[in-house]
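Each chain, letter by letter, is given below.
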Amino acid sequence: MNARLIVLPILALSGFVLTGVAVAKFNAPPKTGPMPISPAVIPFPDRVAGVGVVEPASETILIGTQIGGIVASVLVKEGDRVTKGQPLLEIDARDAEARLASARAKVETAKSRVTAAELRVAQLVARPRAEDLAEAKALADAREAALGDARGRLDRLLKVTDRGTTANEQPTLEFNVALATANLADAKAKLARVTIGTYPEDLAIARSDVHTAESELAAMKSDLALAETARDLLIVRAPIDATVLKIEARPGEYKSAGPNSTALMRLGDISTLHVRTDIDELDSWRYDSAGQAVASIRGGSKLQSPLRFVRIVPDVAPKKTLTGENSERIDTRVMQVIYAFENPPAFMQPGMLVDVAIAAKPSN
Amino acid sequence: MYRYAIKMLFGDSAKFYGILLGLGFASLLIAQQASIFVGLMSRTFAFVGGVGHIDLWVFDPTQSFVDEPKPLRATALDRVRGVTGVAWAAPIYKGLLVATLPDGRRQVCNVIGIDDDTLAGGPAVIVAGSLSDLRQPDAVMVQVESSQQNMLFPAELAVGAMPAPGQVLDPSLPKRPVQIGDIVELNEHRARVVGLVKCAETFSPGPTVYTVYSRAITYAPPSRRMMSAVLVSAAEGVNPDALAQRIRDETGLESMNPWDYSMRTLGYWMRETGIPINFGIAIALGFFVGVAIAGQMFYNFTLDNLRYFGAFKAMGASSRTLLGMVALQALVAGVLGLGLGLGAVSAFGLNAAGGKLAFKMLWQIPLIAAGAVLIICIFASVVSMWKVLRLDPADVFKGA
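Going line by line, the protein sequences match chains A and B. When we follow the working numbering, the leftmost residue of the first sequence carries the number 2, and every step to the right adds one. When we follow the working numbering, the leftmost residue of the second sequence carries the number 1450, and every step to the right adds one.
In short, the hints are calculated from the structure, not lab data. Keep in mind that the hints are not guaranteed to be accurate.
Unchecked claim - Here are the simulated lysine-lysine pairs, DSSO-like style, with alpha carbons at most 27 Å apart:
1) A:LYS32 - B:LYS1805
2) B:LYS1624 - A:LYS26
3) B:LYS1647 - A:LYS26
4) B:LYS1647 - B:LYS1805
5) A:LYS85 - A:LYS138
6) A:LYS138 - A:LYS78
7) B:LYS1836 - B:LYS1456
8) B:LYS1624 - B:LYS1836
9) A:LYS222 - A:LYS107
10) B:LYS1647 - A:LYS32
11) A:LYS247 - A:LYS85
12) B:LYS1647 - B:LYS1624
The structure displayed is predicted, hence computed values, not measured ones.
Extracted from the complex, chain A is given alone in its bound form (with noise of 0.2 Å):
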């Protein structure tokens, strides 16, 4: 009995110690997670909020090709700085070569026909010829003398009384006279021919030839010219002064002109940055464009970087993601707007996700 009294109070105070120490473990707080990194504090009070996704400041240009094709060359690096014009990269270019050979070639005959067309008209216009003058002339002087002696003897004739057996000569004389007088008259004929020199009409005829050999070698000409072009056409040049991004044509590659086509490289002129930042609609009327704005670096960074205002895209468009997910999820509207790093961190490279923060109106 007295061993009773002793143990059983001992036991139940042990129960009472014990309940003590389950107590004093499961009423402990939950254990928590590591503290987290929090991002650098912004530095207003009052603010909307967005995500922005830093863009070149002249926004990425999608370089496309007019004419569809092999690509032969890539002239550019990524990361090359480039000068407005410059050649970034060629489309293969014999087809165009050809055809340009073919169209210089066309040129060549076109040209030397309108040297002989002009060249008949000054041939036309240098008649008549002293020397084919003088041949006439002489020629009528010749049937002139021919006729005269023709007369003569016929005359003679005519003198002698008793012409005997002669008498059956006179007709023979006669026609040498006739003759004499019709070659002359076809001399002098002659002579005024090769006097006149070139008839007008026959002047007219080649001096159209000649227009006409002209408006051929134009119409190749500007044969040339389309093909010069189809060939430029096919070296693809930068639209101006910018940074290569990213090239996404490689020698060998098939690509296609038109809407859906894909790019052969973006560029972007990166002098500047720009920030195009997502917010909420619902948020827009709290939104001021002339508030103090900082965009915060992503990636447990503290570093803070301030932005100016450049302009709001005066279309507010179903957001389309920003957060880099698998898929577009559209379920909201959200207003852009374009803000430009005054200092970017060196890092900071097109297509970064920042997290911008700009000071607005309080909220009521």
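Chain B: place on chain A using the hints.
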């Protein structure tokens, strides 16, 4: 005189043990069932408690408990960040996804996506690895030493290895726990284990898998809304409750401090499930068993000892003294029984809790058990006192 009362009590060992058993059993049943109930219910909101170092949760106003999938729009984060008084805000994803293990078994996992930048909402204890490893490609951290089904890999498969093409692993082969470097498929996406963690046991089964938010939403099936909640840290000097009100007013979203959110979650389970009724019945049974056994035993004990009380009365003891003796006996039996019962519960809880057993002995529970024992003792002693008071000393000496 009171010494005799104690002697009387300890003297009748059969009845004395009976009383102790009844009282001890009653306090044991009450405290143990209550502790298990509290433990089970606290698991419903354990996740909220495990996310430390933040001031507010922001979630859908219709969300009634933390596991309910009612995600927010992506811009909700920006809107919350725009509320005056918010120092910073971080998104969090919480959802159940199916993991496929190399041997083809499938396991539902509780996937938590914590903010890529702040890593807010990370696990309570990191057993191996570093939280910033989560920023590596395909990286996840897996809960180990959990009461829930652990993620188990086939023992014959080396760490990080995948079954060779055509190799079929028998799911009944021996298993090993998950290790750093293991590859698992989460909802058809590759996931690489870069760390092992311990975190609060939750109500939903399956191991908890931590990853960063941006990756969690690629693991999750596509949906227009993905963000489960926004975690908010108030700026210095800002009252969190006032800030919560401001967030409610400005964004139309619900905002609560972790404790209120826990209580909202708890309220849902208390209202909408049968758990409180089931446990309530068990606790009530414990109480009535205590009343029945201890009360009846004590009454019998008093009856048996009536002659001693009669003798004391005949010797001139006042009724007040006799009642004091009965009360003392009840009190001593009660304290001893309570101590033994609570001791047993505590020993059990300290040994078994944290495993599959949900056990949480709040400081109120021993007090409730003590109160119940007190009521039983009062009940038993009142019945006995009535007998003692009406006792005529002459009766004691009259007959055997």
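Hint by hint, here is what the structure shows:
1. For the suggested pair LYS32 (chain A) and LYS1805 (chain B), the alpha carbons sit about 18 Å apart, so the restraint of at most 27 Å is met.
2. Taken as a hint, the LYS1624 (chain B) and LYS26 (chain A) pair is broken in the structure, with Cα atoms around 33 Å apart against an allowance of 27 Å.
3. Restraint check for LYS1647 (chain B) and LYS26 (chain A): the C-alpha separation of about 18 Å stays at or below 27 Å, so the hint holds.
4. Note on LYS1647 (chain B) and LYS1805 (chain B): the hinted pairing holds, with a Cα-Cα distance of about 14 Å set against a maximum of 27 Å.
5. Restraint check for LYS85 (chain A) and LYS138 (chain A): the C-alpha separation of about 75 Å exceeds 27 Å, so the hint is violated.
6. At roughly 84 Å between alpha-carbon atoms, LYS138 (chain A) and LYS78 (chain A) are farther apart than 27 Å, so this suggested pair is violated.
7. Note on LYS1836 (chain B) and LYS1456 (chain B): the hinted pairing holds, with a Cα-Cα distance of about 20 Å set against a maximum of 27 Å.
8. Pair hint LYS1624 (chain B) plus LYS1836 (chain B) does not hold up; C-alpha atoms about 67 Å apart against a cutoff of 27 Å.
9. Distance hint between LYS222 (chain A) and LYS107 (chain A) is fulfilled; the C-alpha atoms sit about 8 Å from each other, no more than 27 Å.
10. A distance of roughly 10 Å separates the Cα atoms of LYS1647 (chain B) and LYS32 (chain A); the hinted pair therefore holds under the 27 Å criterion.
11. Between the alpha carbons of LYS247 (chain A) and LYS85 (chain A) the distance comes to roughly 17 Å, so the proposed pair stays at or under 27 Å and holds.
12. Restraint check for LYS1647 (chain B) and LYS1624 (chain B): satisfied, since their Cα atoms lie roughly 20 Å apart, inside the 27 Å limit.
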